[in-house]
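Whole structure, please, built from the sequences with the hints as guidance.
Protein chains in written order, with my numbering: chain A, 1 to 236; chain B, 1 to 499; chain C, 1 to 480; chain D, 1 to 100; chain E, 1 to 88.
You may find that some hints are simply not true.
Partial list, computed: chain B residues near chain C (C-beta under 8 Å) [as the list claims (entries may be wrong)]:
1) LEU63
2) GLU66
3) LEU144
4) THR171
One-sided and incomplete, this derived list gives chain A residues near chain E with beta-carbon spacing under 7 Å [to be verified]:
5) VAL55
6) PRO132
7) PHE136
8) GLN137
9) THR140
10) PHE216
11) VAL220
Keep in mind the hints are simulated off the structure, nothing from the lab. These figures come from a predicted structure and were not determined experimentally. All C-beta atoms in this analysis are idealised placements derived from N, C-alpha and C, irrespective of residue type, glycine included.
Here's the letter readout for the chains.
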Amino acid sequence: MKAVTNERIKNITLALLASTIGLGLVVGLLNAPRQPGVAEQVLSMQTHLKLEQPVTAVLLAFRGYDTLLEIAVLVMAVIAVLILVPPRKARAAAPITAGPAPSPLMLWLLPRLLPVLVLIAGYLWWAGSSRPGGAFQAGTLVGAAAVIVLLSQQMRPPRLGRIWRAILVLGLLCFLAIGLLGLLWGQAFLQYPDSWAKALIMLIELTLSLSIGLCFMLLVLGVPPRRRDRFPGERS
Amino acid sequence: MSWGGLAPLVILLSSLVPALLIFFLDESRVRLRNGLNLGGAVLKVSVVGVMLWGVYRGWRFQLSWELLPGVSFLLRIDSLSLLFMTLSAVLWLLTTIYAIGYLADRPHNRRFFGFFCLCVAATVGISMAGNLFTLFIFYELLTLSTYPMVVHRGDNASLRAGAVYLAYTLTGSMAVLAGTVWLYALVGPVDFVEQGGILVAAPEQRASLTLILALLIGGFSVKAALVPLHGWLPRAMAAPAPVSALLHAVAVVKAGAFGILRVVYDLYGAELAHQLGVLAVLLAFAAATIVYGSVRALFQTDIKRRLAYSTVSQVSYILLGTALFGSVATVGALVHLVHQGVMKITMFFCAGAVAETLGVHRVDELDGTGPRMPWTMTAFTIAALAMIGLPPFAGFISKWYLGVGALEAGAAWVVGVLLLSSLLNAAYFLPMLYRAWFKAPPAAWPQEATTPGSWEAPPSLVLPPALTAFFSLAFGVLAGTAISPLQWAQFIAALEYAP
Amino acid sequence: MSPALLLPGLILPLVAAPVSFLLGRRALPWLPWLVALMVAGCLCGLAAPLLSEGELFLHLGNWEPPLGLRWRFDGLVWGMIAATTLVCLAVAVYADGYVPNRGRRGRWLGFWPVLFFLWGALNSLFLAGDIFNIYVTLELVSLAAVALVTLDGRPQALAAGMRYLLLALVGSLCYLLGIALLYASFGVLDAALLAERLQPGMTASLAMALLGVGLFLKTALFPVHGWLPAAHGEAPAPASALLSSLVVMGSLYVLLRLWLELFGAVLTPGLRQFVAVLGAAAVLWGSWLAMCQRRLKLVVAYSTVAQLGYPLLMVPLLETSGAAAAWSGGFYLLLSHALAKASMFLVAGVLLHAQGHDRIFQSRGFAGRYPMSVFAFGLAALTLLALPPSGGFIGKWLLLEASFGSGQWWWGLVLLLGGLLAAGYVFRVLVPIFGDAGHRHLEAVPLRMELAALSLAVGSVVLGLVAGAPVRALQAVVLP
Amino acid sequence: MSGLSFALAGAVLFALALHAVFARHHLLRKIIACNVAASGVFMILVGMSSGGSDGRADAVPQALVLTGIVISVSLTAFLLSLLRRLASGGGAARLPEDER
Amino acid sequence: MMGVFDVLLLVVLIAVAVGALHGRRLFSSVVLFIVFGLLMALVWLRLHAPDVALAEAVVGAGISGVLLLDALGRLGKGEDEGGDERAD
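Written out as structure tokens, the structure is:
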């Protein structure tokens, strides 16, 4: 009986605490002195980069270091998941849910769906400079395509060889390389030479997309399989 | 760093370097270890000799290292530091010889001698400290290096003794740290200068200056074993003989007394210190300690515990002299600093030798040890008579000056205390002598160790006490000559009081 | 070499991380040394311009702050990155020998990329001048830290890692909420510009509170310190050395700098006293718990909780006459604590490696067989006890000077009492390991492990000896 | 004005989720609560600054939220993988202190 | 002026969030979380943030949803359905 009461007390105190925080936030938000953000500078400087989409400009150019660290977080998460699942076990990792064999509808749909997915991913990547889109969305689609292929058991999960590891860190290394190489020509760190700015940004976005795609696939795949999962036809 | 700065550095390194080497030396390399030890001690004594000669010729020895903006690590040699340093260096050489003999076949010698050297580095550092900051650094280092020696045996008694020792001394050093920082925050960096560095005592600072003085004296008196804070000393008897000789005669106990001397004379100056009234309290406590220590010693059956309580009372003579206003009392205090060291170390050497060769630990087991070990027991007798304060010996001189100083300072009752404590000294030393010389030896000694050759004990256990006994005699008889500790103390006291 | 070239050199570990992930075993043992030497070279190159100009700035991508990010590099950052480099190099050397010989080479291959990511993230955390950039860096640090905790795969480590990551995530969200409020109210994300625009008010104090709660959670400061002992206790030794010295130092550094520079005006004297009371409570409560532990790693972990309380004591002292001393004292304590704590955990690792467990009262004779490790533990303990020859003493002396000088003497008492309590739990550990081993079998430990622990301990003592110049450089950074 | 109401909704979401993170014991629910809290914070971030220039919203908060979303997904993935390892060893999907 | 649609959207959003957090059965919580992700995409559209809407839909609802479902699938068999006890 005692456990339930102090459980209840704990809940009540937590509820009180959360509501005070919520109330404090609401009041704080209501009378916050609203000063304009950095929107105007973004728009004015953005033309300088020949990029129409302000978000991509902020993400890749003005606050490029944030994005670089964010990719490092993603790669770090994948490495951490791989540490929890030593590579030897990953090879035997079955598709995420070794459910029933793929239905004929799936088999029919797959060859038609994949090219569309890749096309959309390519569009999102290219549109990033002018319309909403960008590396992350394109990368996720690539990841989703890979997961679907694995889900339908048409392809065995990759053995984490050298090429896959290279793709995984390709985005991060490429971003760092472009940022640091600029130093040789007297540029600041992470500064793109004016004439090549758009080209370099698009190159970085491409490598990022590939890396993010592989990262999401490994994150989804990397979730350690249950002991009883067997890849159909896989010798135990 | 001028040539003058080299000497203090050499003295410090002469014990730090051997300490580090010994730590990483293999346990079996006995000869190399002893060589390092003795080499360091001899080098130190010779450099001190050079400095004595140098100071006499008027050279300055100073080494300062800017440790913090505004606070510098300062080693400065002045007459008072030389007094304590000569005492330490000489007695340290003798204790090293004694320890090598005493611990010849014992385990963990590497660890013992490593911390032994660190301990001497700390003591010498305390004597050379030029400001309160440096004094605190070495005061702290002393605590750390003596703790492992107290727990050297590793049995429960010494572990408990070590814990008590740490509790007392670390609390004391926290008090000293608080006083030091407060003084520094209040008055800024102040070095030790004859007649006191704190020149102006603005009225509103007087209250905090009094508190600071109380903190500093309280902190230092933990190591000087003043009555309420003396609990660690008797318990630390669980340590081996050379350690208790080292702790009680030279290093730890004197460091506390020396700290108080520095604070009263070279930081506040005699006049300011007395005006603040803290010294009257110190006087009362010192007197109480003198009597209490002697009384407790009376009832101790174990030899080393009796000597420990006698030390508690003897060190308070120095504090007594400091607490009395007047150059004569100061002379008494300073000269007792040296004499007590020499006398007490002889007694501990003898106690250790007797325990080692005959297994005699209790007072009533002393019967007939005189004829059995003539050299050791004569040294013990000389030291005991000197402690009681009989005329030709060193003890008499310091008690005489303390008495005259007390009269000069108008505290006649102090003379009574001195006489009472001399009586008590006699009461607990004379029975020991009587047993040693006039009683028949027991049928069999508790643990008789046969020593090869004609010596009653290994030479390294007999020579040091003989030498120090000779010193206690010589300091008394030759007090009038130019090079005796008494003249030196008078020279220092003259500097401390404005002409 | 102009600073614009050397500053980016400080985040080389971020480049080394993917390289070590690709090279795997072949990257050992030269990569950590290479990265450490290059970062040290950049630091030395930057020392001269730093002394002449006092503070260096670098606009990333050459964009001015309201738009782009700006790195700030001053004496304090120099010290922090130097300490990080020293600890990371020592841990790298240590880990090379520590790899548990139970043949799980595969899992331990992941240690190296995580170490480099943590190293690079910490360096960019100290450099960062933009509060959102600090958020992303803190995330990377926390993720790397949890990956280190769960490296072993033991159930207790997984549970500790899970609790740590959840609390770190909640902390980051509170921190992000603080950023959202600040950006909405003052429209700029750069710390220096924000300091100019920020006016005390309801929103500013709410943002300060949120930033504070977030960073208190990440640093495991007093009220919310519950997760640290389990996380640092269960992690493998090289990992807990990194966690307890660098990760908590990073978020405490951010907390102090943001609070004192952005919210100097918002922090009323009453609030400053409250923060210092939390610090004092951390010191006393942490030391008390450290005294009750039976395992060496838990003692050292709780001692971290205690030692992190000291820098908070400087918050109320910065308004007084002793501001310069308090500022340099607090950060000097933080720096020397990093070196000393890392060395202590490495020694705990040696103990674990030698006898398979780290229960204090069954470790008799450890000192006899491994004198160098126990000597390192002793030297490192000097900093915790704040005894003279160590950096901890210098830091404590400065804080004492500030507290006594400014009349707020009660913080001085906390400092002194903290030293005594630290003596309590250090000597409680030292006494049993000095016994004689008798017939106990202790495994041989590679020499590089003991040398790594010793070098860090000696570093913390050297910090105490050559304190003149560094402290003066720190005092030059005193806030506007 | 409309941006502010979204921000207020975000504040409510954050409070609800913060309560749930600590109140619910099952780790999967704690992870969901973390994600909901993150979405709440992102809403506040974008909501508070969208009221300004009409038409195109301020690009910087959007970039921040994009970065935030990717980070929270990475952390969620690692949390779930950690949860799987914790639960796969026969243990319950709860923290030690929450065990019944 | 706050459109009726906005108010409705926010109310439903908060209701779905409460359902996801305090739903009795784990599976319903996860499904409601995915719905929450899609609603969030709508919210971003209303806040004139198309990039974020796209990202939220794909990354927030997509990847997180898949991960949660998979984790639930593997957990579900491991121990009793966590949904029914109140204290859970």
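Taking the hints in turn, this is what the structure says about them:
| no. | hint | result |
| --- | --- | --- |
| 1 | LEU63 | violated (14 Å) |
| 2 | GLU66 | holds (4 Å) |
| 3 | LEU144 | holds (7 Å) |
| 4 | THR171 | holds (7 Å) |
| 5 | VAL55 | holds (5 Å) |
| 6 | PRO132 | holds (4 Å) |
| 7 | PHE136 | holds (6 Å) |
| 8 | GLN137 | holds (5 Å) |
| 9 | THR140 | holds (4 Å) |
| 10 | PHE216 | holds (6 Å) |
| 11 | VAL220 | holds (6 Å) |
Of the numbered hints given earlier, the model fails hint 1 alone.
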